[in-house]
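A.B. asks: With the hints as a guide, bring both chains together as one complex.
Sequence lines, in order, name chains H and C.
Take any residue in the first sequence, note its place counting from 1, add 16, and you have its number in my numbering.
Numbering follows my numbering, in which position 8 of the second sequence is assigned residue number 5; successive positions increment by one, without gaps.
Rather than coming from a laboratory, the hints here were simulated on the basis of the structure.
Quick caveat: nothing in here was measured; it's all calculated off a predicted structure.
Fair warning: there could be bad hints in the mix.
What the hints assert, rightly or not - Below, in silico cross-link-like pairs of lysine-lysine (DSS-like), each with a Cα-Cα straight-line distance of 25 Å or less:
(1) C:Lys107 to C:Lys75
(2) H:Lys25 to C:Lys104
(3) H:Lys25 to C:Lys107
(4) C:Lys104 to C:Lys70
(5) H:Lys73 to C:Lys104
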Amino acid sequence: DSGVTQTPKHLITATGQRVTLRCSPRSGDLSVYWYQQSLDQGLQFLIQYYNGEERAKGNILERFSAQQFPDLHSELNLSSLELGDSALYFCASSVALTSAQETQYFGPGTRLLVL
Amino acid sequence: AQTVTQSQPEMSVQEAETVTLSCTYDTSESDYYLFWYKQPPSRQMILVIRQEAYKQQNATENRFSVNFQKAAKSFSLKISDSQLGDAAMYFCAYLTQGGSEKLVFGKGTKLTVNP
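Bound-form chain C, shown alone (with noise of 0.2 Å):
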């Protein structure tokens, strides 16, 4: 079974700074898909960037990117010029594929913006 890991359970990065969380999977498959989703305050989940692993190019998103290494099955997040909204849970996701499209979450990194 597909499982994904967030080592980082809280972060914090001041306004206008960069910061980069961490998210390693496993699997055994070689096509899949990866999500970073957002949760603020309001619960309401957000998608913020999605990666296909075919995909050798890494997925940017305005002020998102990731790092995707397939090899290592790591899949950071990086968010440049931090802002104060960008205050959230963040959550890595795996996509499962083979007839169950279902998401396998990891357990979420807080990350906290400083003024």
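Just chain H, with the same shape it has in the complex (with noise of 0.2 Å):
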């Protein structure tokens, strides 16, 4: 066990919805990243937050958003949904304080599934 908690596990819903997938990072890691795992593009890098602000935007849609709370908790929404966004989405999360606590460690990820 990571530490790290998404919820929910799996997703299933229609091309055209939103989504809103949840994820609480480790106690004390103050960054928390997205990443998307699909059959055709691998693992993809999405989104960073750090403490609160977005840090960094990898290849992450305009229909989809993220957020960071104040109790460091992040959330990724997910819009006008099409069959080509079912995937399996990680949280990771970090210290991110200094480069040598750079470890990110994955939550179980939440499997999407759009039909």
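C.D. replies: In structure tokens:
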């Protein structure tokens, strides 16, 4: 158990819908990362938040957005869902205070299926 | 941009034997971090081992060790005394620095352990 929690574990929805994925980082970790794992794209970085502020963006679609709340949990919002958004979405966290503490620990993931 | 290449889509090993998984990467940075993550059928991403580029000594964690060749930009993982529980996808990852600490992943190597 990495200490990172994600809910829900599974999500089935229809095209055009909107869903919210939730992540709670390990205790003491300030930084949260979101990754998408799909068969065709592999594991790709989406976005990073550090202590409530967006720090870096990767290959995140405009239909996707995220935020990190004062208690450091994070939510990834996916809207106008398409079939191709079906994937495993991981949240990871790290302390991110110095480069020596940059090991990222992953949650169990949320498996999203868009029908 | 940094890239990570795992040239072996699949590998197999006999139980109790040793296997080496290959990884090469491309970067212009001099200081960075490299990781191996394991993804078993449960799809959880589990940290296996970490290597700091400034350290000449190869990292080891029990039966897992790396051969880090900085000049060649090579970072292979050796698994000794392979066990059935080692069967999984193994991902090599590079941690970018400089304000955005995202992981760049290779496409993975599927390891099968034969009894």
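A.B. asks: Work down the list of hints and note, for each, if the structure agrees.
C.D. replies: How the hints compare with the structure:
{"no.": "1", "hint": "C:Lys107 to C:Lys75", "in the structure": "14 Å, holds"}
{"no.": "2", "hint": "H:Lys25 to C:Lys104", "in the structure": "23 Å, holds"}
{"no.": "3", "hint": "H:Lys25 to C:Lys107", "in the structure": "24 Å, holds"}
{"no.": "4", "hint": "C:Lys104 to C:Lys70", "in the structure": "17 Å, holds"}
{"no.": "5", "hint": "H:Lys73 to C:Lys104", "in the structure": "21 Å, holds"}
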